[in-house]
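S.K.: The chain contents come next:
Protein chains: 2
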Amino acid sequence: MALRVGVIGGGQLARMMIAPAVELGLEIRVLAEDEGMSAGLAATAVGDYRDIDVVRAFAAGVDVVTFDHEHVPQSVLRALVADGVVVHPGPDALQFAQDKLVMRARLAELGVPQPDWAAVRDVAELQAFLDAHAGAGVVKTPRGGYDGKGVRVVRAAEEAQDWLDALAEGDALLVEELVPFVRELAQQVARRPSGDTVAYPVVETVQRDGVCAEVIAPAPAAAERLVQVAEEIGRTIAEGLGVTGMLAVELFETDDERILVNELAMRPHNSGHWSQDGAVTGQFEQHLRAVVDLPLGSTAPRAAWSVMVNILGGPAEGTLEERFPAAMVEHPQAKIHTYGKAPRPGRKVGHVNVADDDLDDAVYVARAAAAHFV
Amino acid sequence: MALRVGVIGGGQLARMMIAPAVELGLEIRVLAEDEGMSAGLAATAVGDYRDIDVVRAFAAGVDVVTFDHEHVPQSVLRALVADGVVVHPGPDALQFAQDKLVMRARLAELGVPQPDWAAVRDVAELQAFLDAHAGAGVVKTPRGGYDGKGVRVVRAAEEAQDWLDALAEGDALLVEELVPFVRELAQQVARRPSGDTVAYPVVETVQRDGVCAEVIAPAPAAAERLVQVAEEIGRTIAEGLGVTGMLAVELFETDDERILVNELAMRPHNSGHWSQDGAVTGQFEQHLRAVVDLPLGSTAPRAAWSVMVNILGGPAEGTLEERFPAAMVEHPQAKIHTYGKAPRPGRKVGHVNVADDDLDDAVYVARAAAAHFV
Numbered sequence: 004m005a006l007r008v009g010v011i012g013g014g015q016l017a018r019m020m021i022a023p024a025v026e027l028g029l030e031i032r033v034l035a036e037d038e039g040m041s042a043g044l045a046a047t048a049v050g051d052y053r054d055i056d057v058v059r060a061f062a063a064g065v066d067v068v069t070f071d072h073e074h075v076p077q078s079v080l081r082a083l084v085a086d087g088v089v090v091h092p093g094p095d096a097l098q099f100a101q102d103k104l105v106m107r108a109r110l111a112e113l114g115v116p117q118p119d120w121a122a123v124r125d126v127a128e129l130q131a132f133l134d135a136h137a138g139a140g141v142v143k144t145p146r147g148g149y150d151g152k153g154v155r156v157v158r159a160a161e162e163a164q165d166w167l168d169a170l171a172e173g174d175a176l177l178v179e180e181l182v183p184f185v186r187e188l189a190q191q192v193a194r195r196p197s198g199d200t201v202a203y204p205v206v207e208t209v210q211r212d213g214v215c216a217e218v219i220a221p222a223p224a225a226a227e228r229l230v231q232v233a234e235e236i237g238r239t240i241a242e243g244l245g246v247t248g249m250l251a252v253e254l255f256e257t258d259d260e261r262i263l264v265n266e267l268a269m270r271p272h273n274s275g276h277w278s279q280d281g282a283v284t285g286q287f288e289q290h291l292r293a294v295v296d297l298p299l300g301s302t303a304p305r306a307a308w309s310v311m312v313n314i315l316g317g318p319a320e321g322t323l324e325e326r327f328p329a330a331m332v333e334h335p336q337a338k339i340h341t342y343g344k345a346p347r348p349g350r351k352v353g354h355v356n357v358a359d360d361d362l363d364d365a366v367y368v369a370r371a372a373a374a375h376f377v
Numbered sequence: 004m005a006l007r008v009g010v011i012g013g014g015q016l017a018r019m020m021i022a023p024a025v026e027l028g029l030e031i032r033v034l035a036e037d038e039g040m041s042a043g044l045a046a047t048a049v050g051d052y053r054d055i056d057v058v059r060a061f062a063a064g065v066d067v068v069t070f071d072h073e074h075v076p077q078s079v080l081r082a083l084v085a086d087g088v089v090v091h092p093g094p095d096a097l098q099f100a101q102d103k104l105v106m107r108a109r110l111a112e113l114g115v116p117q118p119d120w121a122a123v124r125d126v127a128e129l130q131a132f133l134d135a136h137a138g139a140g141v142v143k144t145p146r147g148g149y150d151g152k153g154v155r156v157v158r159a160a161e162e163a164q165d166w167l168d169a170l171a172e173g174d175a176l177l178v179e180e181l182v183p184f185v186r187e188l189a190q191q192v193a194r195r196p197s198g199d200t201v202a203y204p205v206v207e208t209v210q211r212d213g214v215c216a217e218v219i220a221p222a223p224a225a226a227e228r229l230v231q232v233a234e235e236i237g238r239t240i241a242e243g244l245g246v247t248g249m250l251a252v253e254l255f256e257t258d259d260e261r262i263l264v265n266e267l268a269m270r271p272h273n274s275g276h277w278s279q280d281g282a283v284t285g286q287f288e289q290h291l292r293a294v295v296d297l298p299l300g301s302t303a304p305r306a307a308w309s310v311m312v313n314i315l316g317g318p319a320e321g322t323l324e325e326r327f328p329a330a331m332v333e334h335p336q337a338k339i340h341t342y343g344k345a346p347r348p349g350r351k352v353g354h355v356n357v358a359d360d361d362l363d364d365a366v367y368v369a370r371a372a373a374a375h376f377v
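Going down the list, the sequences are from chains A and B. Quick note on numbering: the first sequence equals residues 4 to 377 in the numbering used here. Quick note on numbering: the second sequence equals residues 4 to 377 in the numbering used here.
Among the clues, some could well be false.
What follows is a set of in silico ranges between Cβ atoms, one per label pair, in the way DEER data are often shown [said to hold, decoys possible]: (1) A:R53 - B:R347: 43 to 53 angstroms; (2) B:S301 - A:E325: 20 to 30 angstroms; (3) B:A307 - A:R53: 44 to 54 angstroms; (4) B:V332 - A:G138: 46 to 56 angstroms.
Since the hints were made in silico from the structure, they are not lab data. The C-beta atom is built at its ideal place from N, Cα and C for all residues, glycine as well.
Could you build all of it, start to finish, from the sequences and the hints given here?
M.R.: As structure tokens, this is what we get:
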């Protein structure tokens, strides 16, 4: 009987696991939040992932549980584990992706390079940090943020007054130094429960308004030492945090050639979408192989360069599908991926991958093809 | 709303359309013959494709109807068209894939090179053909054959006595000269209803016991002239027969450097499976794009060489999945595709694709990985 992988969450990451699951002969079942979500084709249940009864019933029908997002509460995750359900990544690893303060403390223990940071509970503590860091900092709510939400650059402690006022007893905000980075990078690593890890080449990511806009794989003009350091950071975190499945490590590259860890994600990640068409094993297949503890696939690139451009928002009028003819006739080499989501300003509704032996050509075609959809 | 593609037939060809349909944002619905078939994930109906009521009900829910096989009767196809259903390939084209005598007659009209052939109704007619062709011939039932079934090499007319006796009034068998070929090739072409065609590089196919065993893309050591002739034959047939979607043309290469058409298939075909991992646009995505009349994708190869090896039969004991660990750990670059079918001697249950810049390496890895599954 085919191995059954249960994915909690019905978004585009779950959707993009469907294709490799079908080809590999893994049975994929999705617990979706609602009807008609991105991963609807594989949705065998609809319900609230915070409801232990809903999640238990779903988990009973699969061999391993994994995730489209990191929002399943620890209480639910630990109840599953207590039931004997196989969960990858498990709660011990996921806590570091769910709470940025816990993550910062653990990375410090591991000796992984990261921005200066502190837990702050009031204006005085926050202002003291800012004063010690050239008067600026990045304040983050430790939980629940994504795509720039829950992140604010401040130059005076009062700018975070509302978040400080909303803190529950015993909670704190995370503040980090404002890193003078020259660019952002991302490192993908996969780790299977029995221990093996594989690393993808480090990539350059371009963010706009806190949202990933473009990815270039591998990171252009990256020094060999930098590539090795990024990979080592990725493997150290995957092993140190006990990650199973895909790990994405968002990195800052500074003007003095240091690499600092910005964020983590323990799942396939936007910065790894290029691998669907640009690597021998895409990150969605790799995640599936890892969570069912199969040997990991080759991360070798299929072309010298791969470029991913997000389709953000989608058309102001009409549907994505109406733009297919023009985009495809002009760019027959573009790989168009759509998420089955209605267009809405700023929303990630799809992406375009282009692999090419010429970087300029790949960037041009990926941008030009994606531009047809906005 | 997403374009809805309805596929009649729930086999592995329908299954392998699921992945590109999901990524491209096309809704795929399958009319399967039974529960639990290869394309079960997308099966929205189960029923008999020869039953016009079943097929009509299925067709009512989709924007275009296409096929996993060529066995839907002309009467059903023509009833759909009369209903206003969009059908690709349509009945006028499919008749040439359904009846080899009709195909031979039409290819003769088009001037496409093919083996000598004749329609024969009795022993005398068949013997006369054999006598005129060095005493040998290939007798074929014009309808219903596949994977070597309905094909018999004869050296005396009596060897086809049973088939001749079973002929209905007015029917005939096809007999073809026994071509002294040096190897077999296959040419894939896609054609969209509005007329554009794209061609893949001609590939070499290796048959065992009448079943495709291996494919090498492109065909090694193929003369440039031969590559052009194969492509021209493919385009001539696609246009001359009004094919929409993928067309596969199986070819003989003779020792005097001629190319002769052996068989046709109007759908994705085993000889094109390499393109899933070896071409920018795989044949399953290309078929979908063609049947919904979207611009066709690039057929450029992703690597110098691609090799496909079929998994025939599957393990004598146990399941395919039990062989994954050993196959994957030894061959991380192998792309394993399984069909969700129970192992059975001779049955196509999956295939392995390997793309590599070195042909010997690609052949070795693909064969070695596939060998883990038998």
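S.K.: Each hint should be assessed against the structure and marked as holding or not.
M.R.: Here is how each hint holds up against the structure:
1. A:R53 - B:R347: 43 to 53 angstroms: Taking Cβ atoms as reference, A:R53 and B:R347 lie about 45 angstroms apart, which means the hint holds.
2. B:S301 - A:E325: 20 to 30 angstroms: Since the Cβ atoms of B:S301 and A:E325 sit about 22 angstroms apart, the hinted range of 20 to 30 angstroms holds.
3. B:A307 - A:R53: 44 to 54 angstroms: At roughly 51 angstroms between Cβ atoms, A:R53 and B:A307 fall inside 44 to 54 angstroms, so the hint holds.
4. B:V332 - A:G138: 46 to 56 angstroms: 54 angstroms, holds
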